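Enquirer: So the protein sequences, as listed, match chains A and B.
Residue 260 is where the first sequence ends in this note's numbering, and the numbering goes up by one at each step.
Residue 313 is where the second sequence ends in this note's numbering, and the numbering goes up by one at each step.
Bear in mind the hints are in silico, worked out from the structure with no lab data behind them.
All figures in this text were calculated on a predicted structure; none of them were measured in a lab.
Hints are supplied without guarantee of correctness; some may be wrong.
[As the list claims (entries may be wrong)] Below, in silico cross-link-like pairs of lysine-lysine (PhoX-like), each with a Cα-Cα straight-line distance of 20 Å or less: (1) B/Lys272 with A/Lys88; (2) B/Lys82 with A/Lys87; (3) A/Lys87 with B/Lys123; (4) B/Lys274 with A/Lys85; (5) A/Lys85 with B/Lys113.
[Said to hold, decoys possible] Stretch-level coverage of chain B by chain A, calculated; a stretch enters the list once three of its residues show a Cβ under 8 Å from a Cβ in chain A: (6) 11 to 25; (7) 69 to 82; (8) 241 to 253.
Every residue gets a Cβ at the ideal spot worked out from N, C-alpha and C, and that includes glycine.
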Amino acid sequence: MRTVCAYFLITLFCFARAVFSQEIVMGLSKNEIGITAFFDGSEILVFGAVKATDELSLNEPLGVVVAIASPRRAVMVRRKEKKFGIWVNVDSVEIDLAPSFYAVATTGPLSQLLDTVEDLRHSISVERMIRSVGAPMSVDDPVAFTKAIIRIRQDQGLYQTLPGAVTLQDNTLFSTSVTLPANLVEGAYTTRIFLTQDGKVLAQQETKIDVRKVGIERWLYNLAHQRPATYGLLSLAIAIFAGWSAAAVFRVIRT
Amino acid sequence: MGLCGPMYIYLPIAEVSVNAFLLLGLGGIVGVLSGMFGVGGGFLMTPLLFFIGIPPAVAVATEANQIVASSFSGVLAHVKRRTVDFKMGGVLLIGGLIGAGMGVFIFNYLKGLGQVDLLVKLCYVVFLGIIGSLMFIESLRALSNVKRVGTSKPRHKRTWIHALPIKMRFRVSGLYISVIPPISIGILVGVLAAIMGVGGGFIMVPAMIYILGMPTKVVVGTSLFQIIFVTAFTTMLHATTNYTVDMVLAVLLLVGGVIGAQFGTVIGAKLKAEQLRILLATMVLLVCAKLAFDLIVEPSEIFNLSGIGGH
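Take these sequences, add in the hints, and give me the full structure.
Expert: In structure tokens, the structure reads:
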């Protein structure tokens, strides 16, 4: 009986391997983005190939999902209401974690490539990337606050949903490009790629893109936070010098 | 990047990318106006920075830094002409520093509550409304009286100001008054400077003339003199408690601003004083109306986001 059981398990294991034996390999056009003084956004090319070690069952089409996310931070969302004739912030909800940038590029509509359970497991759709648990009791519709953050950041081009932006050739080669806006914050941006079929994730791959301020941007930011008094005095010195030189230059011009 | 397109500059503290030419242009236009009217221009620049998407905390702190530059540029000419009452400036400054400290404290407290935008905008609406209306009425009256001769009123009227204790002699202004009114005015202007990101000249100048009774020729220089120190102090407070002074933003604004101010002075000299005052009053009222309108009308997006721990 035990041997039968063991054989059954081995068979099951092999079967499982046959289904999940697809691998993906990926490459990025760059894995570092430097925010310089003249930074005005960046384009990232994500490409790769589906490596099938076994014969793929192609009754159902394959899908590829590319998701790039900035580090997640806490965000305060406030809602205005009319009080005493003017619009003032009244309710607020602290969203525990939300990326400041998130792009999902896919070969087709996300809802067709991925079922709800897989989305929940891998946190792929933008709704799943935002975690909000502790809405205060005074707020009766916390969902509206999560929707607001998505809407506002979509309008700013920070949250992008790009169905059809990934091209998949012969079920093997795929590529897409994602435009990162100028208003990026620093951190390790997680780039994830999912190979899906019939709503399930067959394989996934993950890598990081390092986004950081460089050069004078780095220097000023560090100085402002690590030695604020020096930074303040330097700002004042520049202001005094600019004020003095403007007056001096124009006195020469006028006389 | 490039010479023909807009040149974007990434602001290291504000963490936004803005068009450098837009900032230089704004600095220039506000500079021309401040040169024309002899005002700091902070009351125009700070709201403009809000409108182009600079976080309010960064706008207020950086504008304080920029006013240091424009006031310093302006005060040099007054020092040369000996139209600065240093003693009066020093007394006003004592109040100013106390006020600036209080202002930054209030600012940081309300920032934690998410009400700082409202506070800043309400201050603008109230003060611009009052000052703009007063100036408008005053200059209309002056325009209609311009033909009449001898409207100069006696300056040394005895009022309640003269009944206050701790008197001091201010030789340059020709005054012998209590230090309580100038210190109080200094405190009020210091609070406003810290909260609104302005120098406060538009309140200081009328207060010096109408409340303290200072002669008009020393008013602007003395006001500029104390504004330098109050805004420098405010800059340091914001830089060390909030880390919100953006040096790149400040440099772009002050390059445009100091150049603009010099042209403004030339234009201002060619216009009549009454015309200038009416123009300035109209502009103050327009900014006030725009801010009031934004508070009253339902915004297109009633939600807003802010970081936690950052700005």
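Enquirer: Each of the hints needs a verdict: does it hold here or not?
Expert: Going through the hints against the structure:
1. B/Lys272 with A/Lys88: Violated, at about 47 Å.
2. B/Lys82 with A/Lys87: Judged against 20 Å, a Cα distance of about 53 Å means the pair is violated.
3. A/Lys87 with B/Lys123: At roughly 15 Å apart (the allowed maximum being 20 Å), B/Lys123 and A/Lys87 satisfy the hint.
4. B/Lys274 with A/Lys85: Measuring from Cα to Cα gives roughly 45 Å; hence the hint is violated.
5. A/Lys85 with B/Lys113: Distance of about 15 Å is within 20 Å: holds.
6. 11 to 25: Check passed, 7 qualifying residues.
7. 69 to 82: holds (count 9)
8. 241 to 253: Held - the region 241 to 253 of chain B has 8 residues with a Cβ nearer than 8 Å to chain A, which meets the minimum of three.
When each numbered hint is compared with the structure, violations occur for hints 1, 2 and 4.
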